[in-house]
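Q: Based on the sequences and whatever the hints tell you, model everything.
As given, the protein sequences belong to chains A and B, one line each in that order.
Yeah, the first sequence ends on 436 if you go by our numbering, and it's all consecutive.
Yeah, the second sequence ends on 436 if you go by our numbering, and it's all consecutive.
Bear in mind the hints are in silico, worked out from the structure with no lab data behind them.
Note that the coordinates shown come from a computational prediction; the quantities given were computed from them, not determined experimentally.
For every residue, glycine included, the Cβ atom is placed at its ideal position computed from N, Cα and C.
Hints are not guaranteed to be accurate.
Claimed, not checked - Computed, partial: chain A to chain B, Cβ under 7 Å:
1) V101
2) M108
3) L115
4) S119
5) H411
Each chain, written out:
Protein chains: 2
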Amino acid sequence: MLRVQKYGGSSVASADHIRRVAARIARERRAGHDLVVVVSAMGQTTDQLIELSRSISRNPAPREMDLLLSTGELVSGALLAMALREHGLGAVSLSGFQAGIRTDTDFSRARITQIEPGRLHDEIGRGNIVIVAGFQGTTDDLEVTTLGRGGSDTTAVALAAALRAPVCEIYTDVDGVHTADPRIVPAARRLIDISYEEMLEMASEGAKVMHNRAVELGWVYDVPILVASSLTDDSGGTRIHGGTLMENRNKVRGIAHDAGIARVTLLGVPDRPGIAAQVFSPLADAGISVDIIVQNAGRHGMSDVSFTVTRADLPATLERMRAIREDIGAADVTADDNLAKVSIIGAGLTNAPGYAGAMFRALRDAAINIEMITTAEISLTCVVHQDRVDDAVRALHRAFSLETPDDMPR
Amino acid sequence: MLRVQKYGGSSVASADHIRRVAARIARERRAGHDLVVVVSAMGQTTDQLIELSRSISRNPAPREMDLLLSTGELVSGALLAMALREHGLGAVSLSGFQAGIRTDTDFSRARITQIEPGRLHDEIGRGNIVIVAGFQGTTDDLEVTTLGRGGSDTTAVALAAALRAPVCEIYTDVDGVHTADPRIVPAARRLIDISYEEMLEMASEGAKVMHNRAVELGWVYDVPILVASSLTDDSGGTRIHGGTLMENRNKVRGIAHDAGIARVTLLGVPDRPGIAAQVFSPLADAGISVDIIVQNAGRHGMSDVSFTVTRADLPATLERMRAIREDIGAADVTADDNLAKVSIIGAGLTNAPGYAGAMFRALRDAAINIEMITTAEISLTCVVHQDRVDDAVRALHRAFSLETPDDMPR
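A: Next comes the structure, spelled out in structure tokens:
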């Protein structure tokens, strides 16, 4: 069976780590599997290269930045191939270019446009374990690009799709996706499986297990993704897939949270067409992402508009809002930079009765005030004060009985 | 004017160094020159990568080693391009592959087979300063190769030849080629010019200023090479070229030396055809380079054969000689591992009368015993005891009046 695996930076952080990963891969090779292995750069390499570049230029050219950063994965790839050859196995490491990974020209966050798998098939046919430098590709003009943070996950899923592997295995330093952050909820359980859609909500809401783009790609190409720990050999991990999840339909699967949220409110905005564009266009132009937007019903033709941004973006956001306040005729601009989001996630939740009520009751019983509420297809999110978010996660985990196993092995 | 320059590892050893090199290049760009700049890896990067690989494999696959080592020059190249853009100048860094440097498949010591200069011309035409990662290229199968130690010099000379630059400028941490090692002879002078041929002798005899392959390539393609310091802005340096050097013909240009020599002697070897092959073939097979070979005239059909190897190769050499001693009928094998070479270098020397005698007299007057003598077209070499080699260099530098300027600026 062809297996496509990815090992993250913490799994190849040192020569010792690389030897350990090699031993693991060697066992799987000896069990008869063909293997294509995507690697990230060793440990903090990428951050160190970024730091080095910043000491030379505060705003380095993205093209040069990508060429610079692409070296980290070349190093870990070559070392892993060497370590595998110490086991007497054929192994070859390929750059993104050599592995046929073609991208658009959007440096530092390029998207894969195509995989030319000729060389990959050749090397597999020769009996080699193929190591592929993650996070990178080349444009049609042979420029080196990187795929942005978490890009090695995307490389792995794209290769699994191109090579029609039955699953893409992502090995990392956590053992899967949990019902909540185990640092906050000791009783949090690992989920045995989760749908792409739910995983996207879990990730964007703060469960930083893998990169959303990779999950989306898996969804589009219907590649199941196994997220598991590289440190253990058990058959654990969480399987992300597009199954119907009948057993889990209409159930809360997990609690996500995201601290570091700021809310901006425009008070007394006249109710007239075009206001939203006037408010949010300058933010988009400045590259500021707006998350939750809430507009209260108008009274006397006036309404209040609230939205959230990351705390880091708050000063720039306020500057732009104050610049347009008079133009749009808002009475005032206020801000609160001490908020957090907490969400319950589950396919079909918002169409099922009772979940919103149960969520609000749980927060009330814990004496936690709700600042904003927003709903999506598979999630319900409340904004609360930052200093109560851990309590909120624990209260919701308990309220929806997530400590009790209900996953069915598939 | 198109200038091709190369900056060595010590010139780009840190972010500060890179900024300094960038300032220098920026001035030359503003003076109206087109520039193609070859860089080595930062400082000790290559050695660190080698060490990392050795911690994983004692005998890493050359293909993987080359992919690994090629990253060092990609990093310094990208950083230098960033530093140049801080000066408001267009700059782009290219990998060996992107710069069109094609090589044979001899990993770790590949030879350049061809330069495809299309991209280089394009970038120059766009007004960009082109930074090229030295020391690397790709095969026709798109495998990454390295050119061996000192390979960045070779890259620079090859690019100067392909782009028809009037000169190849090699910037390093010394200010040129000297009449002798200045650490031994304080009165040693920088040579203003030197022929390719003399430079090859100076280099192979121990004046480690630049890589011999690069000098040979310059000779073949008639590319003059300027070796100068990257730390000063004066018009110094040594020009290596194919001029007739009329002024300097039949003069000693410099004193080279090489410590760490070992001599092996086979005593009482029967004088019969095929003996030399029997002695030296096993050494060639073992990758041991033999330097000086001296065979004494036979007496009673017997002769003594002496040859030198590096001290590091002595144990392996002795092992092989003892293995064949009986076969070839030699009486004994002896060794002396405490020797050094000292040479006088100059075009036409050996055809001119008097130099050998003057050399031997100078050593005699300094009470230095000569162990072996060998002559080449443009050099005379004596092997002496290691603890007297510095004295020998000083005595010869004085005897041939090398402290007195005689170079004519060209």
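Q: Each hint: holds or not?
A: Results of checking the hints against the structure:
1. Hint status for V101(A): holds, given a least beta-carbon distance of 6 Å to chain B, under 7 Å.
2. For M108(A), the suggested interface contact is upheld, since its CB lies about 4 Å from the closest CB of chain B, less than 7 Å.
3. For the restraint placing L115(A) at the interface with chain B, the shortest Cβ-Cβ distance is roughly 12 Å, beyond the 7 Å limit, so the hint is violated.
4. Of the supplied interface hints, the one on S119(A) holds, with its beta-carbon coming within about 6 Å of a beta-carbon of chain B, less than 7 Å.
5. Here the hint on H411(A) is broken, as its CB sits about 43 Å from the closest CB of chain B, past 7 Å.
The earlier numbered hints that this structure contradicts are 3 and 5.
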